[in-house]
Amino acid sequence: MKRRLALSLGALLAAMSFSSCSSVGNTDLVAEVSGHELSRDQLAALTNDSVVMSLYSSPPGGRLAGDLVRGLISNWIILTSVESEGLLDDVTDAQANDLIDAQLGSLFAEASPEGAAYIMNIAKITYATQNNSLDAETVNAQLDASAVFVNPRFGDWDTELRTVVPLSQG
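Start counting the sequence shown at 676; every next residue gets the next number (the working numbering).
Errors might be hidden in some of the hints.
Derived CB-CB ranges, DEER-like [to be verified]:
(1) V840 - N772: 29 to 35 Å
(2) A777 - L842: 23 to 29 Å
(3) P841 - S714: 20 to 26 Å
(4) D819 - S725: 24 to 30 Å
(5) S781 - L842: 22 to 28 Å
(6) F824 - A792: 29 to 35 Å
(7) A777 - S714: 27 to 33 Å
(8) L836 - S781: 31 to 37 Å
To be clear, the hints were calculated from the coordinates, so they are not data collected in a lab.
None of the values given here were measured: they were computed from a predicted structure.
Each residue gets a CB set at the ideal place from its N, CA and C atoms; glycine is no exception.
All chains should be modelled from the sequences, with the hints used to inform the complete structure.
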């Protein structure tokens, strides 16, 4: 009886140590794409950036809808996957700035450094797709090749929909 209890307790402690070890080191991690990390601080910088939030028609800061946060994380995953493999290297900052100027005008100057980099990559991928130097098939292939992790507190990466979705309730 004592042995069975000790074995059960040992198994429980082992399970707890595995689960705590995997989460303790990643409490700040929101998402990761092939070694590139999005931290909670970086996500907060994006959600507190009025220029970034204007792209989503949402005021900065405060409590944001889960769909908006998951959408922002999804976009970060796609942008990071494509940008990290050099698929946007052919698009110059000047070409991206033309799109940014048309969309945001002088408002872009108010973006935080994190927000400006995020917006620049959005402009680059938009320019590349509009000018047929990057197509959906290439983006999808790159996403398939990327190792994507999303902290379960924020949802789960759906490889078919290519977006962060809420965790299932089942």
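Now the hints, each set against the structure:
{"no.": "1", "hint": "V840 - N772: 29 to 35 Å", "result": "33 Å, holds"}
{"no.": "2", "hint": "A777 - L842: 23 to 29 Å", "result": "38 Å, violated"}
{"no.": "3", "hint": "P841 - S714: 20 to 26 Å", "result": "21 Å, holds"}
{"no.": "4", "hint": "D819 - S725: 24 to 30 Å", "result": "35 Å, violated"}
{"no.": "5", "hint": "S781 - L842: 22 to 28 Å", "result": "41 Å, violated"}
{"no.": "6", "hint": "F824 - A792: 29 to 35 Å", "result": "21 Å, violated"}
{"no.": "7", "hint": "A777 - S714: 27 to 33 Å", "result": "31 Å, holds"}
{"no.": "8", "hint": "L836 - S781: 31 to 37 Å", "result": "36 Å, holds"}
Of the numbered hints listed earlier, those contradicted by the structure are 2, 4, 5, 6.
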